[in-house]
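Residues per chain are reported as follows:
There are 2 protein chains.
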Amino acid sequence: MSLKYHMPTKVFIGENCIIENKEVFKSLGKKALIVTGARSAKINGSQSDVISALDSVGISYLIFDKVMSNPTIACVYEGAKIARENNVDFIIAIGGGSPMDAGKAIALLAAQDIKEENLFSGVYENKVLPMVYIPTTAGTGSEVTQYSILTNDKAKTKMSIATELIFPTIAFLDAKYTLQLPLTTTINTAVDALSHAVEGMLSIKASFISDTLACESIKMITNCIPKILKSLKNPDIVIDKNTREQLLYASFMAGIVIAQTGTTAVHAMGYSLTYFKDIDHGRANGLLLGEFLKFVEKENPDRIKKILEAMNLNSTEEFINLMDELLGTKENITRDEIDEYSDIAMKTKNISNCIVKPKKEDLIKMYQEVFN
Amino acid sequence: MSLKYHMPTKVFIGENCIIENKEVFKSLGKKALIVTGARSAKINGSQSDVISALDSVGISYLIFDKVMSNPTIACVYEGAKIARENNVDFIIAIGGGSPMDAGKAIALLAAQDIKEENLFSGVYENKVLPMVYIPTTAGTGSEVTQYSILTNDKAKTKMSIATELIFPTIAFLDAKYTLQLPLTTTINTAVDALSHAVEGMLSIKASFISDTLACESIKMITNCIPKILKSLKNPDIVIDKNTREQLLYASFMAGIVIAQTGTTAVHAMGYSLTYFKDIDHGRANGLLLGEFLKFVEKENPDRIKKILEAMNLNSTEEFINLMDELLGTKENITRDEIDEYSDIAMKTKNISNCIVKPKKEDLIKMYQEVFN
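These protein sequence lines are chains A and B, in that order.
According to my numbering, the first sequence holds residues 1 to 372 in order.
According to my numbering, the second sequence holds residues 1 to 372 in order.
Any given hint could turn out to be false.
As the list claims (entries may be wrong) - In the EDC-like style, the derived pairs of lysine to aspartate or glutamate whose C-alpha atoms are separated by at most 20 Å in a straight line are:
no. : chain 1 : residue 1 : chain 2 : residue 2
1   : A       : K360      : A       : D343
2   : B       : K10       : A       : E297
3   : B       : K219      : A       : D211
4   : A       : K10       : B       : D211
5   : A       : K26       : B       : E125
6   : A       : K156      : A       : D339
7   : A       : K205      : B       : E20
8   : A       : K4        : B       : E23
9   : B       : K31       : B       : D55
10  : B       : K4        : A       : E15
11  : B       : K22       : A       : D211
12  : A       : K219      : B       : D211
13  : B       : K26       : A       : D336
14  : A       : K4        : B       : D55
15  : A       : K205      : B       : E15
16  : A       : K10       : B       : E164
17  : A       : K360      : A       : D336
18  : B       : K205      : A       : E20
19  : B       : K10       : A       : D211
20  : A       : K219      : B       : E309
21  : B       : K31       : B       : E78
22  : B       : K4        : A       : E23
23  : B       : K26       : A       : E125
24  : B       : K4        : A       : E20
To be verified - From the derived model, a few chain B residues whose C-beta atoms are all more than 10 Å from chain A:
no. : residue
25  : M68
26  : E125
27  : L165
28  : T212
29  : L213
30  : S231
31  : R303
32  : L308
33  : M346
34  : K365
35  : E369
If you're looking for bench data, these hints aren't it; they were derived computationally from the structure.
Every residue gets a Cβ at the ideal spot worked out from N, C-alpha and C, and that includes glycine.
Kindly produce the complete structure, drawing on both the sequences and the hints.
Take a look at the structure:
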């Protein structure tokens with residue numbers, strides 16, 4: 001089977017990169033829709049930087065700031081309606097995973113009619129609005145992926161729109177927007193990025209280049225963990241700017257990884273924890289990741305060894321202990337819930353994407369090990 | 001200064017990847033111009049694989065197989081004329097660096113009128129034919145760069161067309177086409193790829209992601225060198241398929257690196273060796289690279305240490321010895337020639353791209369160390 005490498009997004013990196021490269025907005029049109037959440041983009045300075053840039057190059061804009069955590073299908077149809085009614089030329093998404101996910105779906109739905117029942121079909125016309133992406137957390141990597149993850153109440157889980165059409169056109173990585181992130185968000189998003197890099201190495205689509213980026217991303221996040229733990233023990237210790245940059249850059253590289261490899265059983269299992277139990281997405285991955293490493297290790301110890309080496313760890317037990325230290329007290333999940341979540345996870349494409357494919361009983365066992 | 005990462009080419013990787021993914025040709029049009037050299041694409045099987053793929057998806061084609069080593073401006077204008085007269089929809093370039101360089105210029109010139117005096121201006125309309133790239137040597141990395149290097153007799157050197165317009169649309173990496181490469185070509189191209197990765201780490205545009213790819217590329221090439229040296233000592237020893245794959249993949253990653261970083265004084269100095277002395281491009285880089293490492297080391301030992309570590313070497317002297325072993329007896333260059341070549345190199349953009357910027361006397365000293 002041949003492998004593929006593709007990540008067409010143009011990425012600007014470094015402090016003040018939006019202002020320094022404001023001219024690039026002009027290549028995308030004259031009117032933008034800014035897609036974001038209610039608060040954080042206004043607080044961390046990203047929205048005002050974007051608006052300054054747009055103003056100074058003469059681009060008008062509207063703001064759609066109704067994106068909630070785990071955005072719904074209704075939310076993206078609403079955003080697309082606003083984009084159409086106002087004839088915007090392109091989308092600017094600012095925020096954590098939720099505005100990133102919503103922005104791509106809005107860019108797609110603004111450019112073409114897609115019925116709700118076909119939204120996740122993977123079959124679309126070759127039309128989409130250009131997108132500018134500004135991550136303000138360091139976890140999702142969505143600024144460099146072709147995925148938009150939405151909450152689908154009919155399927156009782158999160159589902160992906162996956163199409164090359166929705167690779168963002170441009171991304172800006174400026175860690176200054178992440179400086180004030182709360183510690184819990186910092187941990188959950190760092191663990192999300194780590195999960196992307198690790199799962200990328202456990203995918204059947206892993207290649208020499210995705211492994212290269214994944215290993216470096218894992219190393220960078222690993223180097224940041226002691227500082228995060230220090231801050232966890234003493235909230236007066238602020239996470240420094242260099243660490244913030246390393247986390248953002250690691251998240252970006254892990255995003256490139258999953259753009260090639262997709263994710264695995266970890267994400268499949270995690271989606272139910274988020275949907276039914278409102279457990280943060282990154283946290284859900286982090287809770288499950290260690291048990292998945294143990295599961296894969298039985299049949300493919302070499303791959304796991306490579307991951308552990310990148311983290312300077314000697315065993316999957318050490319990995320689990322580290323995640324426990326970062327993630328703290330676990331939620332309660334019943335045996336019946338585990339059974340239901342395992343059924344849902346087994347239906348996802350992520351399962352067949354694993355280098356060692358779990359059966360339903362394997363998923364049950366992993367959930368049980370985590371939550372009992 | 002903000003950094004940039006951009007490499008939009010869609011890359012298919014692995015044995016028989018052209019045939020396995022033949023459907024992608026259909027997205028590019030109905031008629032192709034195959035740009036290649038006179039011989040190698042016919043011998044190594046690449047041209048017949050392309051033609052089989054085109055035939056089976058109903059795409060017609062013409063062949064322009066007049067690309068010489070170090071293609072000239074006249075050559076690419078001739079190819080573009082054929083492309084226009086025959087209304088081809090896209091370009092397929094097959095071969096080593098020369099057809100790769102020519103194909104991009106032809107794709108650009110077929111889509112827009114550019115006078116010869118403006119060819120290297122960097123100012124173009126936003127029009128180009130789509131391009132499919134199939135490297136059959138493992139050195140240039142051109143399949144994933146925005147550069148087309150042509151021989152400019154007026155400037156008495158090689159010059160670059162550099163524009164994002166000429167990133168290939170699609171690349172196919174199948175190492176089977178490189179299995180029969182002569183040893184000298186194998187060495188010169190491997191050294192070219194090594195030079196790209198190393199120079200990428202010595203560029204002012206180097207970033208965490210270009211460094212990540214560069215280090216891995218350097219390690220992969222380093223792992224192949226003992227096998228190349230064995231074959232050099234005993235020509236009966238054939239370079240195995242796995243080594244061929246590693247060299248091709250390392251060259252690809254080094255191509256992504258220079259797409260971000262550009263090249264340095266090494267390339268600037270090497271172009272004259274190729275133009276005036278007909279020294280192969282990769283060989284020219286390899287001859288000069290060690291002295292450039294020594295030059296940079298004086299002011300920035302950490303960067304050089306990182307490169308040497310990736311190669312398991314302890315000193316720049318060891319690096320020079322290794323290149324000497326690979327490249328054999330050196331050519332004769334006079335003191336007057338060195339002076340002329342240094343003048344030409346000083347005029348290139350590559351000089352200001354170096355993390356430690358050489359003066360003319362530094363270039364002279366490097367040339368002298370190499371050739372005396």
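Pair hint outcome, A/K360 versus A/D336 [Cα-Cα no greater than 20 Å]: Given pair A/K360, A/D336 holds - Cα atoms ~14 Å apart, limit 20 Å.
For the pair supplied as a hint, A/K205 and B/E20, is the alpha-carbon distance within the 20 Å limit? 16 Å, holds
Check whether the Cα positions of B/K31 and B/D55 lie no farther apart than 20 Å. Given that 20 Å is the threshold and the Cα spacing comes to 11 Å, the pair holds.
Assess, step by step, whether the Cα of B/K4 is no farther than 20 Å from the Cα of A/E20, and give holds or violated. It holds: about 12 Å lies between the C-alpha atoms, which stays within 20 Å.
Just to be careful, I want the Cα atoms of B/K31 and B/E78 compared with a cutoff of 20 Å; is the pair within it? 18 Å, holds
Would you mind confirming whether the straight-line C-alpha gap from A/K10 to B/E164 stays at or under 20 Å? Holds. A/K10 to B/E164 sits at ~10 Å (cutoff 20 Å).
Against chain A, does B/L308 keep a CB gap of more than 10 Å to every residue? 19 Å, holds
Does A/E125 sit within 20 Å of B/K26, going by the straight-line distance between their CA atoms? 16 Å, holds
Closest CB of chain A to the CB of B/T212 still more than 10 Å away: Check fails; 4 Å does not lie beyond 10 Å.
Is the nearest Cβ of chain A still more than 10 Å from the Cβ of B/M68? B/M68 clear of chain A: closest Cβ-Cβ about 31 Å, beyond 10 Å.
Are all C-beta atoms of chain A more than 10 Å from that of B/L213? 6 Å, violated
Need the status of pair B/K26, A/D336: alpha-carbon distance at most 20 Å? Answer violated: B/K26 to A/D336 is near 50 Å, above 20 Å.
In the structure shown, a violation is registered for the earlier hints numbered 2, 11, 13, 14, 28, 29, in ascending order.
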